[in-house]
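If you're matching them up, the sequences are chains A and P in order. First residue of the first sequence: 2, per the working numbering; consecutive thereafter. First residue of the second sequence: 214, per the working numbering; consecutive thereafter.
No wet-lab data here; the hints were simulated from the structure. C-beta: ideal position from N, C-alpha, C; glycine also.
Coverage of chain A stretches by chain P, computed from C-beta distances (three or more under 8 Å per stretch; other residues unrestricted): (1) 7 to 18; (2) 142 to 148; (3) 170 to 183.
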Amino acid sequence: MKIIVCYKIVPTDQGIAVNADRSLKFVPGEVELSPFDMNAIEAGVQLAAAVGDSKVVGVTVNDAVVENTKVRKAALSRGLAEGYAVKGEGLGQADATVTAAVLKAAIEKIGDCDMIICGEGSGDLYNQQVGNLLGVMMGLPVVNGISKITAEDGKVVVERTVDSGVDVLEVKGPAVLSVTSDINIPRIPTMRDILGAGKKPFAIWDVADVAAVPDAKTEIISVAAPEQTERKKILADGSTADGLQEFWSNIGKLL
Amino acid sequence: MNNIWVIANRLDSIKELCSGAAALGGQATLVYSGSREWACNAAKAYYFGDGTQLTVAETAAEMAKFAADNGAELVLCDTTQDGRLIASYVACALNAGVVADAMEVVASENGLETSRMVYGGSAFKREVIAKGAICCCGGTFEVGECVPAGEIIDVAAGGTAEIHLVNKQEKQASSVNLAAAKKLVVVGRGIGNEENMELAREFAALIGAEIGCTRPVAEELQFMPREAYIGVSGVIVSPELLISIGVSGQVQHTVGTSQAGTIVAINSDKKAPIFDGCDYGIVGDLKVVLPDLIAKIKG
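Based on the sequences and whatever the hints tell you, model everything.
So this is what it looks like as structure tokens:
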């Protein structure tokens, strides 16, 4: 079985700074493998092990950051046999429908895919849409909210978290499965895994060689940090009876 | 603005989204499953069955296609897994866009203008969507008077060949809607143990507040279920009063709650960042502060 896992490279917490005009600034190089996608890669690797005679292939779409070797190794060291990246300007902040379309083209170019696994959402934009859109665009069955995947003959059985509990569904592959962060605890790569990651095949394709990038389907007006609400910052000392009383006189009427 | 449809499968979502659609466009058309009598605040409602034999995982595609084939241009969904799935199908059926987790949705010249949090809650993204789906956070729209739908039309759902429900494992349905709560108590890792959780629960109950938590409390300590997690990857809230207990106040969480009216913080560490973002705070042991507050409220 060839399992494809889609993953994203996102800014770290330290990688985002706010300019004076409240616009965002991204610190080059301060990037990481999106934590939710670690669960997806782990789920792929576990499914491959359960099915046997299988491999897990990573695919990512972004700008030149796909050339970052640290993140490449972070992904490949988690059990991927090989990886593919599609590089194009602005692809890291693209409309979810655009990302899904490019991923679809990349997956078709890779070929022979039996199952696709995605994380619940990317750590930066967190639309929770790309996995679903990818499946719908490819005409494949789509299930999101998956907390467990079990391989069975010719299909998978998944547990899907819904409001009222858990639905157990049979899904005929190939399909796109979006997994939640409680599906597993991703393995921590060993030194050997990380060293080995550097030797695994990794192809970087220019988006022009992969897909015609569709137009964004929404019009972005702004991306900006919120106005800082002026907070009163009136603090009391909770180690004294007076302090407790002062706190009470401040908030009692608000309760 | 016409042709705003709603596709939802929970009563609270139906009530709120139909009220919202009506406020934005004058008429709401609803596609839904669940209890037949849930249809309200819509001129016309299309009922796709009770959702038990065929779950939304199996009917999302046809519900979306139905709306697209019958003139929907903009579709409002909720932020459940089902809502997100439906939104994806709608976007593709209309060859249009999708906005996820919108906290604000207002009419604009070229469509609907939306606002949502991005980058771990560091920023808000505003965009206009002329056509497609919007997953709306609970509390985005005022819920109008619930008026039964003008007309309910039954539609036979077919399901899909590739996805098949095998079993349903029920659990207590959460009737709590943190997103719409006016008063909210948020418990952080500093809560420490179950005994202190009980104190926090008692306090919240006394003041009529809902109770949520930060990620570590849901995922590591597991004192509260995942649905109670507040923050960018959980529920997004904007209460009038927010009281945090044992929350350190790192960026990720605080921006998710920064839209609260008044913020009160209880923490034993005077250097905790939470105090920079609060209106009133107390530096102290919650095992002392909470019982004191509880006694004063009762007294």
